[in-house]
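All chains should be modelled from the sequences, with the hints used to inform the complete structure.
Residue strings, one per chain:
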Amino acid sequence: MLINWLGALPGAAAQGMIWGIMAIGVYITYKILDIADLTVDGSICTGGAVCAVLVASGVNVWVAMLAAFIAGMLAGLVTGILHTLMGIPAILAGILSQLILWSVNLKIMGQPNIALPARNYELILAQMNINQSLLMLIVMIAVFIPLLYCFFGTEVGASLRATGNNLNMSRAQGINTDITKTLGLVLSNGIVALSGALLAQYQGFADINMGRGAIVIGLAAVIIGEAVTSRLSFNLGLRMLGVIIGGVIYYFVYQTVIFLGLDADLLKMLSAIVVAIFLAVPYWKKNYFTKAKGVKVCSK
Amino acid sequence: MLEIKNITKTFNAGTVNEKVALNNLNLTLKKGDFVTVIGGNGAGKSTMLNAIAGAWKPDSGSIVVDGIDITAMPEHKRAKFLGRVFQDPMMGTAADMQIDENLALAKRRGKSRSFKWWIKAEERGEYREMLKALDLGLEERLTTKVGLLSGGQRQAITLLMASLNEPKLLLLDEHTAALDPKTAAKVLEITDRIVEKNNLTTLMITHNMKDAIAHGNRLIMMHEGHVIVDVEGEEKKSLTVEDLMHLFVKQSGEEFANDRAVLS
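Protein chains in written order, with this note's numbering: chain A, 1 to 300; chain B, 1001 to 1264.
By construction, these hints were calculated from the structure, which means they are not laboratory data. Accuracy of the hints is not assured; some may be wrong.
To be verified - Derived CB-CB ranges, DEER-like:
(1) A:Pro112 <-> B:Ile1068: 55 to 61 Å
(2) B:Lys1210 <-> A:Ile277: 49 to 55 Å
(3) B:Val1016 <-> A:Leu279: 35 to 41 Å
(4) B:Asp1243 <-> A:Ile81: 55 to 61 Å
The beta carbon of each residue, even a glycine, is placed where N, CA and C say it ideally should be.
Laid out in structure tokens, this is it:
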């Protein structure tokens, strides 16, 4: 039993890192831009579908992953346009995109799922070859996080951070917040689709349902990551690394409760409950656990 | 420098909440004018600043800044002409960003933002000098998150940000109202210094009549969406709070009923 559990940990780590990359996409919208973007449930599948279809038709896997990244960015662009040009609240814009993507993903694949067996194709990840997968993921993350860190240190990246931080102030400083929001959604969904491409390779198939509840897993990784790094530093690179660690911890816990014999049908509900509680904690702290200060006189 | 011509704005038109916020407002500012704006609640002071800043489009009329008609220009585009400080100290700065980052955001107002690494060492030195002039000890805290600062410090930084990049017009919307009296006085002193040093054309809303008289070279009083009193120069310098109250009663035909303005 214990041996089984230990044996499952490397696989959990690999899955955790893949979902951690996805969660960095969630971090960009949810934490940096202050938008809850539900597009990700669809765009992660889009990434998997594009990658699977292209690889199955003989395209090089790296090219297929690039295509998946671009497809995800387009999905983000659709959400961005719905939100900024059409004035639809972000959460609803994401839901609409998600529904659009359901049809798009089926059309991309032509069927509800596509097998992508590692023995037939040249893939960069595979469940059968965990060590190589782990190494590849670590290398990718080591390239990826510094790249993102640099992006958020540019003038454009800083205007994205400012937009999420204070919308009115950003406009007053001449930032076109419609563009920065859309740019953030594009980048975020590109990353999410890329993780979908990695996931499809790792599990050996792309499936129309692979993104269901992705936002919750992403939020869980973001929240766990915050808990791990919040006391250490405000550094954005470290925060993003924390999100990856959050994903890994999530999958360790996931694997553990399965080994403890928990009904796998209940896992999504439990994930949602855990995320709900963690999202509630700051609110409770603010409203119930702080002493009321004197009533502030509002002057206008 | 600023020409507001016949601006009208009605909120919630056609409903029971209909409110004529600006009613044929006309105002012209010369370059270098420092105008203080007073008036009761709902007189249209903030609405006027929002019209200039571009929060929404007026129903009619036009706004011209330095010869450029900005009436239909989107908010982020006209931002390059304007420096703004708000009543709420939280509103003018990005709390989770560092002091130098906030200043750098303002320094790029009206310029295109590139994929270059953004704050360089010499720029930081420049900010350090500016902060030193504020005399609040902030020059040693460039990398502190603005959210950790007090309301007065945040307003001082917002003022500095507003003055960067040579705005054509500085808009101050009761920017000391949320501060304690001592801090408010300090921020007003900084305001005077910054306005004078950069020779900024300024519109400053205040609910404090004494401040309105003591600062600037011109004073306007608004009522029901337009200007009812406009005094400048020597005449303004010799004003008293009582004079202002008499002027209000004479011009508006109403009793003066704003305790807050009288008492503070």
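Which hint numbers does the structure go against, in order from smallest to largest? none
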